[in-house]
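Colleague: Sequence:
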Amino acid sequence: MNAANSDMLLETLIARTIGEESVLAMSVLLAAPVPSGVLRYMRAEIFNRLAEDLSHAPHFSRVAPPSAGPDAIRDALLTHAAGQYIFPREEFLGMLENAARFTENYLCRPRWTLSSFLFLDQPAITTEMLLRKLEYISDYAYLPQLLRRIVTHSGKQVITSHECIAHITRIDDAVIREHTPRERALLTKPIFQFFLLSSDIENKPIALRALLLFLEDKQFGPLREYCEGVWQIRGKSEITMAEFVALHEDFAIGRSSFAPTPTITEPPPEPTPEPPEPEILPPATEPPESALPETPSPEAATVNAPPPEIPPPPEIPAPPEIPQLPEIPPLPAEPVQGSLTFMEFLPAEPEIPVAPASLSLKETIPGMLRRRFINVICGKDEEFYDLVIARLDDMHSWPEASTYIRELFEINSIDPFNDTAIAFTDIIQKRCDHSRMAQQ
34 MNAANSDMLL ETLIARTIGE ESVLAMSVLL AAPVPSGVLR YMRAEIFNRL
84 AEDLSHAPHF SRVAPPSAGP DAIRDALLTH AAGQYIFPRE EFLGMLENAA
134 RFTENYLCRP RWTLSSFLFL DQPAITTEML LRKLEYISDY AYLPQLLRRI
184 VTHSGKQVIT SHECIAHITR IDDAVIREHT PRERALLTKP IFQFFLLSSD
234 IENKPIALRA LLLFLEDKQF GPLREYCEGV WQIRGKSEIT MAEFVALHED
284 FAIGRSSFAP TPTITEPPPE PTPEPPEPEI LPPATEPPES ALPETPSPEA
334 ATVNAPPPEI PPPPEIPAPP EIPQLPEIPP LPAEPVQGSL TFMEFLPAEP
384 EIPVAPASLS LKETIPGMLR RRFINVICGK DEEFYDLVIA RLDDMHSWPE
434 ASTYIRELFE INSIDPFNDT AIAFTDIIQK RCDHSRMAQQ
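Going letter by letter, the sequence shown gives residues 34 to 473 in our numbering.
Keep in mind that a hint or two might mislead.
[To be verified] With a Cα cut of at most 20 Å, we get these calculated PhoX-like pairs of lysine-lysine: (1) Lys395 with Lys413; (2) Lys463 with Lys395; (3) Lys222 with Lys251; (4) Lys237 with Lys251; (5) Lys222 with Lys463; (6) Lys237 with Lys269; (7) Lys237 with Lys222.
[Unchecked claim] Derived Cβ-Cβ restraints for the label pairs, each shown as a range: (8) Glu123 with Gly262: 28 to 36 Å; (9) Asp459 with Arg49: 45 to 53 Å; (10) Arg49 with Gly188: 38 to 46 Å.
Hints in this document: simulated from the structure, not taken from any laboratory.
All residues carry an ideal CB built from backbone N, CA and C; glycine is no exception.
Between the sequences and the hints, there should be enough to build the whole structure, so can you do that?
Modeller: Structure representation (structure tokens):
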């Protein structure tokens, strides 16, 4: 984004938070209409500053830490203290600007910003430091959550920059690859919410440049060039979410007609003149044949002669009469009990003699199971769960769905024999089985 827009956004954030006041409480900041990424950054920064102060306290430094793992009591104390923090004005303004700049960069270029922020040109850092820095991030939750899980399960005390960047790339590529063009476009929702400073983003445009940076970070070079080219032809520099989704879908199916044809300024080439028809001159003298009255000239035969009578076509015999078939009695309206496992979830359509279409997974999965799936399978990321369910709703073949589920479990390090994982797999498999039976 250009500096002017970023500065205007920062001024709006100041007006919504500290305004002209000399101090601001963290509790007031957390209740202000500010992007979640900015709030998360500032709270994590205060937490780490308090932790640094605490580590240098002469008496507290003598408290023995736990033998293994994080110090839960210490972290709870620091979390409570960060929530009660009072910002002096100058400290708040400096930290707010850093938070806004970081959030803007992370939203537009998540891979590049995350790898740069975590290592700061260092070849390696401790896993404890990496986990601390991941607390600064809230948007694109699948990235910090899955990276945190991979690092924790590895058991390593130190992680190199090369290893971490490879993990980030693998996670991001897997998530992007397994979703439709529409779902990939909807991943940019936090970008719209940040620059509009509102959760209501419908029909509200932002600068296209922010989304071009996002596509470049995702290494979608052809799609980026397509979006930029279409918008140049249209003479526009801003775009709405609906328009960005349409660009993704049109590019995926190769629909070039989405871009209007540029106006032709040069006059069209003149058509090549056809050669003139040869002039037919009247004969100077009658040809010898015309002297015979029995043989009229071709012209006279064509113009003066009455049209020849065309004999009527021979009559086609009528086809033999087809005997009337007896009326077939209608099929019973009631479905066969016990024939389908998921029948209780399907709408009844007695007037159509075919199996009714299955409900979507969103309608099928009960609320309690949905919450379990979000917490266990999708790392408490509700938006990521909705994307997964939307993708599975488009799959009616169990081999296709099972491949997707297997990769999902692998990415999220989910044990496929976990009770929740088994329940999730069973629901998807039963739905696929019913879809197959309904098509037969």
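Colleague: Next step is simple, just say for each hint if it's right about the structure.
Modeller: Tested hints:
Between the alpha carbons of lysine 395 and lysine 413 the distance comes to roughly 17 Å, so the proposed pair stays at or under 20 Å and holds. Restraint check for lysine 463 and lysine 395: the C-alpha separation of about 15 Å stays at or below 20 Å, so the hint holds. For the suggested pair lysine 222 and lysine 251, the alpha carbons sit about 15 Å apart, so the restraint of at most 20 Å is met. For the given pair, lysine 237 sits about 24 Å from lysine 251 by alpha-carbon distance, which is inconsistent with the 20 Å threshold.
Taking the CA atoms of lysine 222 and lysine 463, the gap is near 33 Å; set against the 20 Å cutoff, the hint is violated. For a cut-off of 20 Å, the pair hint linking lysine 237 to lysine 269 stands: about 14 Å separates their Cα positions. For the hint linking lysine 237 to lysine 222, the alpha-carbon distance of about 12 Å falls within 20 Å, and the restraint holds. Between glutamate 123 and glycine 262 the CB atoms are about 46 Å apart, so this pair departs from the stated range of 28 to 36 Å.
Remark: the range hint 45 to 53 Å for aspartate 459 to arginine 49 is upheld by a beta-carbon distance near 47 Å. The hinted window of 38 to 46 Å between arginine 49 and glycine 188 holds, with their beta carbons roughly 44 Å apart.
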